[in-house]
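Residue numbers (the numbering used here), protein chains in the order written: chain Y, 1220 to 1432; chain G, 1220 to 1432.
These are computed hints drawn from the structure, not numbers from a lab.
Incorrect hints may appear among the rest.
Since the list gives no way to pick out one identical chain from another, each pair is judged satisfied if it fits inside one copy or across any two copies.
List of simulated lysine to aspartate or glutamate pairs, DMTMM-like, C-alpha gap at most 25 Å [claimed, not checked]: (1) LYS1245 / ASP1302; (2) LYS1279 / GLU1387; (3) LYS1343 / GLU1361; (4) LYS1279 / GLU1312; (5) LYS1343 / GLU1358; (6) LYS1245 / GLU1298; (7) LYS1343 / ASP1354; (8) LYS1279 / ASP1375.
For reference, the chains in residue letters:
There are 2 protein chains.
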Amino acid sequence: MMQDHVFYDCTTAPSPRRARMFLVEKGLTVPTEQIDLRKGEQLGDAFRAINPRCTVPALKLPDGTVLGDNASIARYLEEIRPDPPLMGRTPVEKAIIAEWNAIAESEGLLAIAEVVRNSLPGLKGRALTGPRSYDQIPELAERGRTRIEQFFDTLDRRLASTAYLGGEAFSVADITAFVAVDFAGWVKLAPNKNQRALIAWRNALAERPSARA
Amino acid sequence: MMQDHVFYDCTTAPSPRRARMFLVEKGLTVPTEQIDLRKGEQLGDAFRAINPRCTVPALKLPDGTVLGDNASIARYLEEIRPDPPLMGRTPVEKAIIAEWNAIAESEGLLAIAEVVRNSLPGLKGRALTGPRSYDQIPELAERGRTRIEQFFDTLDRRLASTAYLGGEAFSVADITAFVAVDFAGWVKLAPNKNQRALIAWRNALAERPSARA
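Looking at chain Y on its own, in the form it has when it is part of the complex (with noise of 0.2 Å):
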């Protein structure tokens, strides 16, 4: 129990739903702070104080200093609570589960945020996260699922030959992707029944207790 720590977040959205799976994963749990999305919680006044970019998740630690996304807190957590590795063991590895975190957020995550953002009428006006309000584009919308379907396709490639996208050990790069795969539900999109290894290596790690983070 990191008690001396604040954990910022919203169950429904799936960024912070990366954080929450790391959590469970390296077994420790932080005080939470809910910040209500779709009430626009994150734009207001006293959320903005903790994070100027207005995303959550973020963490506060015990000196006050506010990470404010993923990549840090990951990295955090990963260096004071070394066990179990997350972010891989060689160099080799290392390098490896960067690689598949990185393309699972540009090619799968933010593909998916453009459907998301750029189609969905509650999301007019909010087309990108962040303080500052962009109008949609629906051809943004259009290209994002094409590109989705071309990261269903790369995932499966790469889980035909490993277990994980890491490589033989379960990784960050594996949360990355499984919250990928679950957000491109939200605009009906699903690997497709061809695409055996990606629906085997969700379908083992929906067992995680971490999927149900």
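Dock chain G against the given chain Y, drawing on the hints supplied.
Same frame as chain Y, but now just chain G:
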């Protein structure tokens, strides 16, 4: 000298420049092959066999493993050559550097790439990197310009209180942001004269040997 590695580069492109700067800061030199992005060499069969994502930088390791992006290359080099550290010393410093590196990627490089790739006539059909062709979306180029201005503001506010983005020590986050600021010059965007902290930081970084990489 890392004689048993191969670095795949393109001297005119911003993305491999990040890896080149990282290598210089570490005091490492690697046998290098140029991939001519202007001639589309990254999409040819020869390079596709090396990096199926068709992007540079890439780094081939002695065992044949290919690291295919900046995330993996930086992590690998930091592990095999820890000094000088470019990704932090303490858990908090490592986390803050990871966060600013992610900001420089998602709010800087990505926004600039959106402008460049969605507006330059020579990049028609190449609105995203990688093997697949994507049409330009003019609205995305326009949105990117606004985002770049915001990014400069974000950097300037941060650098008004710290010498480097990650704190008191130069890091990979500075490399990423420095490359981004130069890359913005491709579409004639630059910090304005009131962004004094940003300009002072940029001028200081331009004096480092790695800035010529």
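Each hint tested on the structure:
1. LYS1245 / ASP1302: within (7 Å within a copy, 29 Å between copies)
2. LYS1279 / GLU1387: The answer is between: 21 Å across copies meets 25 Å, while 33 Å in one copy does not.
3. LYS1343 / GLU1361: both (16 Å within a copy, 18 Å between copies)
4. LYS1279 / GLU1312: Intra 29 Å, inter 14 Å, cutoff 25 Å: inter-copy only.
5. LYS1343 / GLU1358: both (14 Å within a copy, 16 Å between copies)
6. LYS1245 / GLU1298: For LYS1245 and GLU1298, both the intra-copy (11 Å) and inter-copy (22 Å) Cα distances are at most 25 Å.
7. LYS1343 / ASP1354: both (6 Å within a copy, 24 Å between copies)
8. LYS1279 / ASP1375: Classified as between; 23 Å across copies, 37 Å inside a copy.
Comparing the model with each numbered hint stated earlier shows that all of them hold.
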